[in-house]
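Protein chains: 4
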Amino acid sequence: MNSFGKILTLTTFGESHGAAIGGVLDGMPAGVLIDLDALQRFVERRRSGQAVGSSARDEEDRVELLSGLYLGKTLGTPIGFLVRNTNAHSADYDEIAQCYRPNHADYTWQTKYGIRDPRGGGRASARETVARVVAGGIAIQALNQLGITIESQVSQVGPYLPPDEMERAILKAASEGDTLGGIISCAIKGVPAGLGEPIFGKLHAQLAAAMMSIPSVHGFEYGDGFEMSTKRGSEVTDLFEKRDDGTIGTVTNHSGGIQGGITNGEDITMRIAFKPVPTLMREVPTVDLEGKPTTLHSRGRHDVCVLSRALPIVEAMAALVILDNYLIKKTNVL
Amino acid sequence: MNSFGKILTLTTFGESHGAAIGGVLDGMPAGVLIDLDALQRFVERRRSGQAVGSSARDEEDRVELLSGLYLGKTLGTPIGFLVRNTNAHSADYDEIAQCYRPNHADYTWQTKYGIRDPRGGGRASARETVARVVAGGIAIQALNQLGITIESQVSQVGPYLPPDEMERAILKAASEGDTLGGIISCAIKGVPAGLGEPIFGKLHAQLAAAMMSIPSVHGFEYGDGFEMSTKRGSEVTDLFEKRDDGTIGTVTNHSGGIQGGITNGEDITMRIAFKPVPTLMREVPTVDLEGKPTTLHSRGRHDVCVLSRALPIVEAMAALVILDNYLIKKTNVL
Amino acid sequence: MNSFGKILTLTTFGESHGAAIGGVLDGMPAGVLIDLDALQRFVERRRSGQAVGSSARDEEDRVELLSGLYLGKTLGTPIGFLVRNTNAHSADYDEIAQCYRPNHADYTWQTKYGIRDPRGGGRASARETVARVVAGGIAIQALNQLGITIESQVSQVGPYLPPDEMERAILKAASEGDTLGGIISCAIKGVPAGLGEPIFGKLHAQLAAAMMSIPSVHGFEYGDGFEMSTKRGSEVTDLFEKRDDGTIGTVTNHSGGIQGGITNGEDITMRIAFKPVPTLMREVPTVDLEGKPTTLHSRGRHDVCVLSRALPIVEAMAALVILDNYLIKKTNVL
Amino acid sequence: MNSFGKILTLTTFGESHGAAIGGVLDGMPAGVLIDLDALQRFVERRRSGQAVGSSARDEEDRVELLSGLYLGKTLGTPIGFLVRNTNAHSADYDEIAQCYRPNHADYTWQTKYGIRDPRGGGRASARETVARVVAGGIAIQALNQLGITIESQVSQVGPYLPPDEMERAILKAASEGDTLGGIISCAIKGVPAGLGEPIFGKLHAQLAAAMMSIPSVHGFEYGDGFEMSTKRGSEVTDLFEKRDDGTIGTVTNHSGGIQGGITNGEDITMRIAFKPVPTLMREVPTVDLEGKPTTLHSRGRHDVCVLSRALPIVEAMAALVILDNYLIKKTNVL
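Residue numbers (my numbering), protein chains in the order written: chain A, 1 to 334; chain B, 1001 to 1334; chain C, 2001 to 2334; chain D, 3001 to 3334.
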């Protein structure tokens, strides 16, 4: 239940303030050259402190690959990896062990397991996503070698679309101890036609599961998405055309590169909605473990808006899905 | 890849104009009373011809349960079932074997497998969903016995929200050979706290995958969804309260009953966006199998708007997810 | 839990005296020609009444393929199939509903589920294997097209090895209301090198699981098996040689075609031990559902020795494993 | 494909001479007390140098648990762990990179992946089993708390049964640069009735897959096994009896505690056949990577007989299977 994927599978482990976050990427094809420096740089994109509104926790997030490579190439064996938790101040979190933080997983986790690691949210912390970024970063390198690229951007922060307004909104929210959500757009280019499984494994269903599994995500759409449901069929028909190179393509791309759950060779487009960060830097009323009213004043290090840090996470999850389906497609014929 | 679920798994088969649509529901707990009449009535809700804008195909959709029950109770063994395809007019579909219909899966399917059954869209037809409704209908009966209920409704057709406007829009689109999409809202009530798996198996990620796997769905959100991403954290905080019965609940439910991927005992709420039906009842330009321009004039029987027929499909998929997670939760402690 | 395989998966359903035994074979590659007559003949090999010591139940076992084929070729979609139960005399089994038969699954099943279908053993009956034979028969046709063949034979009945002694032993046991077990040998030829997954999915581990899942099997070995454990390393070394066609092979085949869990291109050899049929045609002391002593005198139709009927089951299970691993191997490189 | 289990899953990674061997044990129930010292001692049992015929490689095999525990109890989250490779002399293995060792996985691995890590056999080395022992050691502690125990012993070395003869045979083989195989017997006691899944997941099929996945294993049997196939039904019938405590049991246990794939509450008994160690300490003819004849004289550190070191591996794999099925059983009823 901490695994993801069918042929290419990622299994992750780790609590926010435990020894390490790590994982096993299994099913990576053999013989793929991996650029370790590029991988480390990709993981750095997720680190805090790089953008307005990101928290100041200065983890090093150095990736340790423990297996699966030999002389710079994948062996076809599982790639075990970890990132040590080096800079965790558990003391910051003593208070929250005694109450349930609103919009966090404290209460649901306690109900489910009867036990939880309260330090930094334990495994419910978004820190677990560093394992996704390591594995996805490896998958991206394989995809690039196949001519497939993934691009994402913050397209909205709160209700704001222009970058300068986004930045201003974050600074204002920060000054008021408040937080913001937003929307990330992602495009996957160069994907061959024929990826995705028609019924329960529609490619967009797999992408939805991947994106919705990222902490704070509350919505997913592909192609024209929710907007498409307000239109008439005649307004969103992607007509076919024969291109100069002899291939068949579509004139428009309302479908977001996927029809019937299977790629058609056009760009895959999707949008992912993030709720505002749940931890406010102000006093918040809540209840203690017995349900008695209390107040909570978070200190620690927290983001005002996670969107910019979430970009490599979105790209990583997209890469895991696409490479997995690329491998599955190989089994469609004898 | 035609299977869904972890403990409770549904595997389906069947082409639109083949002998039958069917499936195997495996992992159903033993000893559950199944009301076969109620199941048949639930399956009838998905049939055509019951609402404005639905197509006239008059299948009987009689459910045949082949195994897994004895004296009205589940045995704990797999429940095999089928629904015969009795009223298929394959001749209606001769034309479409020679071209690719826009916004359909003809082209992507051909690219993936190098072969396809063109009769009625083959397995890419929404007719496959009858198997989901049979299986989900059984799951719903088990959930009801646990006090869990699922309700869904068409909350938008095209851009229209009031029921009378929805109906009028459908009639108008029909008269013009056009089609409409819309939005279905679904609520799951009575779910105990603690269901869902924290990382890749977040309950909303599983629900998203389930809903996005329904034909024509282009978007999913839970709780306040996309709207939530435009708000500040302080505006969407679901504060805790102790209730008269001693339990802990939340005052508001922006989170849609799920926090950190795990249920908190509040109602699960979600919205699912359907694109307009791709088949227009008018001449449409397209390409033939070699990419040469041609035109297509669909006849056959097609819906103008599938939303009302999709309600039991949404409920069925929701039920499969919830019952599966109910069973998984049993394994969280020794 | 009623499914088998990773890419090529078989899910089965059905009780001995329910409406039908059936299944879904998912993941079959597209475009494979299937000879339905040959498939029906393969299924007939499993039927009763064809060999000394087999029971007289005269089922027709007519295979109904419900999906997944079009114009004689596989579509890449799931192949749903069933075999109706036409000749079941439930009355024969009234007595056994009131007690637990020794060496049968009555007691364990009741303990596990709290309910069971007593008619003919319900799902615990070896009748479920007809679904394996249908699915395996399809897989065999695909393998044959790849130049891979599977051969099996009864190599021992009780302690007897020569065919005429085996036959005599069966007749003698039958005349005394007793039963016999034995050993089946199986060879898989033409398998390319490189199939099998190195750690938990070693090819012989998958074959062991497949064979041990056949009713009555109590032992499995491959290559020199148990005998090999009595030898010194120097006695069972399969030395390499370069063959005239330039390929590398081994001079001997103590390893049974598998080294480190992966095929080396030599014949895969294995032996499967079946316990004697548990149902004796004589009075047997046992207990009723409360544990009180009683006696049981089975009538119904029962085999004295199932070995000859089990041959197509062994071949079918072997075929499912080999074809699955053939498909998995395609994903080992990018 | 480097994962094992359904609810309780173990995923492992690591090459013999890479940075570490490790894994992730997922699905462990929450709240189980783990004794880390006892776990370390269990892992030590697998180390070399403790018994006659074991190799002298002096790894420390110190277990590092990286996640999933808090204040000595399991959290219900995945338990990531690793064992560093501290004492590897890669230089010893230079020669074997240039040829294929007979009865090893060098050739099959190269054929499968087109690349391999030749240092110490890479991932094909039995060193990978340390990860199984760590995970299984944790499972054993949970089982013990449920009153379930696992015992194993070397019951045969080569053709020899008495302990003193086994020891003498090993010393003699060692002095001649030869190696030996043998048989391990294992009993699982205190298992409740009702564990195991009836069709493809029969408990003995799962145990067979588990044991056959251990390096060097060539055969598996449970209960009376191969011997049972030589008997008449009347000779191996396990008659039922009501015991003084009111429960139902069997007078004999030819069935090895499993009937119809499901436990009946009696001891589970099984025997596992190991082939002789493939690496001989003498000159052996073989071929190089192009198939040209060459000779190989292994040095390095190698066991003459692995049986005593394999005992904790057998127990670990048995524990993983039993605990997994204990959890699955919880889902058999609503």
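Hints were generated in silico from the structure; no laboratory data involved. One thing to keep in mind: the hints can contain errors.
In silico BS3-like pairs for lysine-lysine, Cα to Cα no more than 25 Å straight-line [said to hold, decoys possible]:
1. K2006/C x K2172/C
2. K73/A x K330/A
3. K1330/B x K3006/D
4. K2006/C x K3073/D
5. K1006/B x K3189/D
6. K1330/B x K292/A
7. K1006/B x K242/A
8. K2172/C x K189/A
9. K3073/D x K2172/C
10. K1330/B x K3242/D
11. K1006/B x K2006/C
12. K3006/D x K3189/D
13. K1330/B x K1006/B
14. K3242/D x K3073/D
15. K3242/D x K3189/D
16. K242/A x K292/A
17. K2172/C x K330/A
18. K6/A x K189/A
Please read these numbers as outputs of a predicted model, since none were measured by experiment.
Going through the hints against the structure:
{"no.": "1", "hint": "K2006/C x K2172/C", "verdict": "violated (44 Å)"}
{"no.": "2", "hint": "K73/A x K330/A", "verdict": "holds (21 Å)"}
{"no.": "3", "hint": "K1330/B x K3006/D", "verdict": "holds (14 Å)"}
{"no.": "4", "hint": "K2006/C x K3073/D", "verdict": "violated (34 Å)"}
{"no.": "5", "hint": "K1006/B x K3189/D", "verdict": "violated (29 Å)"}
{"no.": "6", "hint": "K1330/B x K292/A", "verdict": "violated (29 Å)"}
{"no.": "7", "hint": "K1006/B x K242/A", "verdict": "violated (43 Å)"}
{"no.": "8", "hint": "K2172/C x K189/A", "verdict": "violated (72 Å)"}
{"no.": "9", "hint": "K3073/D x K2172/C", "verdict": "violated (61 Å)"}
{"no.": "10", "hint": "K1330/B x K3242/D", "verdict": "violated (32 Å)"}
{"no.": "11", "hint": "K1006/B x K2006/C", "verdict": "holds (14 Å)"}
{"no.": "12", "hint": "K3006/D x K3189/D", "verdict": "holds (22 Å)"}
{"no.": "13", "hint": "K1330/B x K1006/B", "verdict": "holds (13 Å)"}
{"no.": "14", "hint": "K3242/D x K3073/D", "verdict": "violated (39 Å)"}
{"no.": "15", "hint": "K3242/D x K3189/D", "verdict": "holds (19 Å)"}
{"no.": "16", "hint": "K242/A x K292/A", "verdict": "violated (68 Å)"}
{"no.": "17", "hint": "K2172/C x K330/A", "verdict": "violated (54 Å)"}
{"no.": "18", "hint": "K6/A x K189/A", "verdict": "holds (22 Å)"}
When each numbered hint is compared with the structure, violations occur for hints 1, 4, 5, 6, 7, 8, 9, 10, 14, 16 and 17.
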